[in-house]
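K.L.:
Residues per chain are reported as follows:
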Amino acid sequence: MIKEVFQQLWKDKFARISLIVLAVIYAALFFADFIAPYTKDFSDRTMAYVPPSKIFTIDKDGKLSKPYTYNYVREFDNENLEIKYTLDRSKKHYIKFFSQGQPYKFLGLIPMKRHLFTTDKDGRIFLLGTDINGRDVFSRLLFGGRISMTIGFLALLVLFPIGLLYGGISGYFGGKVDSIMMRFAEAIMSIPSFYLLIILASILPSGMTSTQRFLLIVIILALIGWAGFARVVRGMVLSIKNQEYVQAARSIGASRMRIITKHILPQTTSFVIVAMTLSVPSYILSESGLSFLGLGIQQPDASWGNMLKEAQEFTNILYRPWLLTPGFLIFVSVLAFNVIGDTIRDILDPQSKTR
Amino acid sequence: METIKYIFKRILQTIPLLIMVSLISFFIIRLSPVDPLAELKLNPSISPVTVEKERQRLGLDKPIIVQYGKWALSFVKGDLGVTSNGEKVSQKLKERIPNTLLLTTIVIFLTWLVGVPLGIIAAVHWKTNFDRILTVLTSIGMAIPSFFFAVLLLMFAVKTGWFPIGGLTSPNFADMSFGNKVLDIAYHLILPVFVLFTISLAGLQRQMRANMLDVLDSDYVKFARAKGLPEWMVIYKHALRNAVNPMITLLGFEFAGLLSGAALTEYVFQYPGLGRLILEAVLKSDINLVMASLMMGAIMLVLGNLIADILLIITDPRIRVKSS
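First to last, the sequence lines map onto chains A and B.
The first sequence begins at 1 in the working numbering and counts up one residue at a time.
The second sequence begins at 1 in the working numbering and counts up one residue at a time.
Extracted from the complex, chain A is given alone in its bound form (with noise of 0.2 Å):
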């Protein structure tokens, strides 16, 4: 089926132009240590907020030549009072391609040193610019999507098993226990989630790990939503459960978890993955206004709500524009989720026309 599906999706051209960008990003992610130029923790503090670098390919003597950057130097002007950024023309710093750069370990594993691009020692290559630190947003980017776009389906991964057997169980059993079992899916629901999701992260201890804080998270944003999705899953119980062949299986005395679980959930799978693809991108909307606000992945890791958060001042949005790169990136992830959602929504349920 989900073949099927995937070729159905391919024939839409939206969803096709979606897949594709969402395979970049995603490739780009797995490969971030490799196409990253610098890595995640590298700062250079002399060089906090310089724009991106110019990549020229002609030479002073109108000639082609191969790729180069000049260094900024940062200059107080006394006159404006304001700190300046100059190319640095007296020396030229040729990009090269697959060459030595910082050591790293690709996936956390294999040690290695090949950059996609890098420029000799003492030069600097800054595609999109740096931060307050002097840290490459470009390379942080990469690094930063490879949270932001996974904490999405980790959330989901941990919400659905939950949705799905609460759902189940209060739809199934009935009487008291789906009463007593809604109304407290209610009451989590009643509460604005934005307000519970940032009191959930301000109750996190500090000083965690990076990982715990990380899957602390995920957590956090997969207890804000397991009560709607439980609640579908109830209603579309309560009209399977009634069907003969759930009363075959009760007849030769299946015990009742093994008909939900075995019978009766199987039968919301396509709800399941529609459900699924429509709300990815509400988790990473969630996670980066989470991080924006200081409350979820905390500095020195990246994530794309973090890095916008420097976006917060004036003098930052109208001087260094290149610190809204992530908005973007997040821009552009969550439309494709959306369109990949709405195209599937349409395959398993030709009746809606939603689109």
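Note that these hints are calculated values from the structure, not bench results.
Among the clues, some could well be false.
[What the hints assert, rightly or not] Straight-line Cα separation of at most 27 Å, BS3-like style, residue types lysine-lysine; simulated pairs:
#1 A/K54 to B/K159
#2 B/K127 to A/K13
#3 B/K77 to B/K41
#4 B/K70 to B/K53
#5 B/K41 to A/K84
#6 A/K241 to A/K54
#7 A/K96 to A/K60
#8 B/K5 to A/K176
#9 A/K113 to A/K54
#10 B/K9 to A/K176
#11 B/K41 to B/K94
#12 A/K309 to B/K53
#13 A/K13 to A/K60
#14 B/K94 to B/K284
#15 B/K53 to B/K94
#16 B/K237 to B/K227
#17 B/K227 to B/K88
#18 B/K5 to A/K11
#19 A/K309 to B/K284
#20 A/K66 to A/K54
#21 B/K181 to B/K159
#22 A/K121 to A/K66
#23 A/K91 to A/K54
#24 A/K40 to A/K11
Note that the coordinates shown come from a computational prediction; the quantities given were computed from them, not determined experimentally.
Following the hints, put chain B in place on chain A, whose structure we already have.
P.N.:
Positioned in the frame of chain A, the structure of chain B alone reads:
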């Protein structure tokens, strides 16, 4: 009479719901390792007597269930305690809640005003270029992170100087005449309203379009057409009425989404609303304020759903029949 009875029943149902919400919020907040009085104790301008009074009021030396009872009792009485600055929480909420309500009601009003007609037009002109362009635009609207959009608009405001940079009032607000005060607030509201409007419009337009398409496909619409009714009458008299009903249920959800979405927008625009209040409270770990604003948010949400349900009972006679 039936209707009133049903509405009354529906109102009664919210009480256990709110009790459950308060229990959940209370235990979540008590889970935190933060000493609820730490901020108060650290603040030199607050006397030990006040701290002791808070300890008594919260019953911190007693088991957690007693603490909850004490808290619930004083909440019902309207005593919400003091913030870490020593201000009254209830005073603070009284300042902020109307601002958030103002923002969200304007946004809901505008999205309905624009989203419903756009949904109808898109459904009537299904699969034309107009419909496709609208679909693309709404996809874009749904994909922009609210805070990022707010930041971009702020950038625009700073560069052009056409709009105020955040806040709700100008510095000389107190000296203005009433008319100017209204204009000043409206002027400050433009950007935050625009952000929330863009984001919630997309969902509403799509829902309206889907409902309308469903209804246009139904037998009674075909019959009305077959009968030879003019098309505008088929659409506005027969189809529209049925397509709008499910939208009213959505009103409650929309309100919930807006409360959450408004928090980030309020934060970026420095708008003095409930969302920013709870954020500041969370960042300062001001327990009283967090708890009270969390409850207020939940109450607003439950009331929003309640109003939507009551509206639905009034507009859709089928529900009355089903319930009785």
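K.L.:
Determine for every hint whether it applies to the structure shown.
P.N.:
Structure-based check of all given hints:
no.: 1; hint: A/K54 to B/K159; verdict: holds (25 Å)
no.: 2; hint: B/K127 to A/K13; verdict: holds (15 Å)
no.: 3; hint: B/K77 to B/K41; verdict: holds (25 Å)
no.: 4; hint: B/K70 to B/K53; verdict: holds (13 Å)
no.: 5; hint: B/K41 to A/K84; verdict: violated (47 Å)
no.: 6; hint: A/K241 to A/K54; verdict: violated (65 Å)
no.: 7; hint: A/K96 to A/K60; verdict: holds (20 Å)
no.: 8; hint: B/K5 to A/K176; verdict: holds (24 Å)
no.: 9; hint: A/K113 to A/K54; verdict: holds (25 Å)
no.: 10; hint: B/K9 to A/K176; verdict: holds (19 Å)
no.: 11; hint: B/K41 to B/K94; verdict: holds (25 Å)
no.: 12; hint: A/K309 to B/K53; verdict: violated (39 Å)
no.: 13; hint: A/K13 to A/K60; verdict: violated (45 Å)
no.: 14; hint: B/K94 to B/K284; verdict: holds (20 Å)
no.: 15; hint: B/K53 to B/K94; verdict: holds (23 Å)
no.: 16; hint: B/K237 to B/K227; verdict: holds (14 Å)
no.: 17; hint: B/K227 to B/K88; verdict: violated (66 Å)
no.: 18; hint: B/K5 to A/K11; verdict: violated (54 Å)
no.: 19; hint: A/K309 to B/K284; verdict: holds (18 Å)
no.: 20; hint: A/K66 to A/K54; verdict: holds (14 Å)
no.: 21; hint: B/K181 to B/K159; verdict: holds (25 Å)
no.: 22; hint: A/K121 to A/K66; verdict: holds (17 Å)
no.: 23; hint: A/K91 to A/K54; verdict: holds (14 Å)
no.: 24; hint: A/K40 to A/K11; verdict: violated (39 Å)
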